[in-house]
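Build the full structure now, drawing on both the sequences and the hints.
Going down the list, the sequences are from chains A and B.
Adding 65 to a residue's 1-based position in the first sequence gives its number in the numbering used here.
Adding 65 to a residue's 1-based position in the second sequence gives its number in the numbering used here.
Copies of the same chain look alike in the list, so a pair counts if it fits in one copy or across any two.
Below, simulated DMTMM-like cross-link-like pairs (lysine to aspartate or glutamate); rule was C-alpha separation at most 20 Å, straight line:
hint, residue 1, residue 2
1, K129, E72
2, K184, D241
3, K129, D117
4, K129, D278
5, K233, D200
6, K184, D205
7, K274, D225
Treat the hints as calculated values from the structure; they're not laboratory data.
There are 2 protein chains.
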Amino acid sequence: MPLRISEIFGPTVQGEGILIGEPTVFVRAGGCDYRCVWCDSRYAVDTSHRKDWQRMSHHEVWAKIQALSNATPLTVSLSGGNPALQDFGPLIDLGLTHGYTFACETQGSVPQSWFGKLKTLILSPKPPSSGREPDWARLDACLVVGHDAQQIALKIVVFDDADYGFAKSVAKRYPDLPMYLQPGNPDFAASHDVSADDVARRLTWLVDKTLADAWFTPRILPQLHVMMWGNRRGV
Amino acid sequence: MPLRISEIFGPTVQGEGILIGEPTVFVRAGGCDYRCVWCDSRYAVDTSHRKDWQRMSHHEVWAKIQALSNATPLTVSLSGGNPALQDFGPLIDLGLTHGYTFACETQGSVPQSWFGKLKTLILSPKPPSSGREPDWARLDACLVVGHDAQQIALKIVVFDDADYGFAKSVAKRYPDLPMYLQPGNPDFAASHDVSADDVARRLTWLVDKTLADAWFTPRILPQLHVMMWGNRRGV
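Listed below in structure tokens is the structure:
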């Protein structure tokens, strides 16, 4: 069964969450079961873009990763779209035999047995501003099948007070999982370049809010890649 | 024996290195055995500022931490100056009994038995641009006494190509320690505010350099606090 791939790019650094700053090659899956109103990767989500997605075998994806990384092991980040709609198990097996490790970020709506092969599973249930409601039973199922991943972390995007309240409720539900808060990027569709100062201002808002609340358990991080490269693709 | 304290502030977020984004209260020790040419905390280093340092008992420092954090456990970051010139053991013991955890960042020139009580020990040997040369035997001794810390990480500031080469040699010397690279902040003494865009540009330079070299093991991170607040103190 071939994979539907929106893009493969890197090496670059992971711009957000638990692996922030980590060199990585991104494999962006095409296709998603969600349509978040502020999605910054609609080209990997909307079926109108399907003609731009490549059908690639696991071996073809693996060859591309090796070429981009100069055959030097690194972390491969599976993103999307929702990568959990597809079977990345064979690709992960190929990479592991060559010393590569894998991370995957997904909203947690579809459990996949290959989660257990990951070094890092990032679950990012979507807050109210997305227009979606998480299915907690499915997120729980992702935790069960991902139990063998070396680390599991939560990432919550926070645009407003309702999202912030959602993040606190998720933390209460999963007190043992490390949580990463991230200010939303309202300029995802902007044709102008977003400046690092814009991102820094939104980060400061979220930091001030969280600390004033004496909520000290989550880490609060920006999207570094937006600070470095604005909303450009492929970096 | 009272502590010499330059400042205690927070809660804020840790702006750099392995704990980036983590809510924390900073305890900045007064006094340093180094005089790095680009030091951004001369007010905690130069003896001409000694009159501004407070002599505080461990209980006084602990009371201040509790007041700032609303008696809610968090990570306390010991910085400086060089905090390893003083005995923070009794303070750490006080905090641990109340559920607080401790991180310490030091250049690794002075081993202290209390390193073993830390959750996180960050060793930041200074690169050539600092005008200093690390004493490796002392750094090794810090690793020995810090063995019981939950995690130990290296942080290297990189201003130029020589610093970059230094970072690679340190990685070769300590292949098992996670390493964090950080672009230097040349505007530390600037009266104008440093912009997040300035920091983002220097980060991009370091990311590009490291990835072009296919060096994928270190994480590469900016000073987030400079992006958020410029070179202001106390945030």
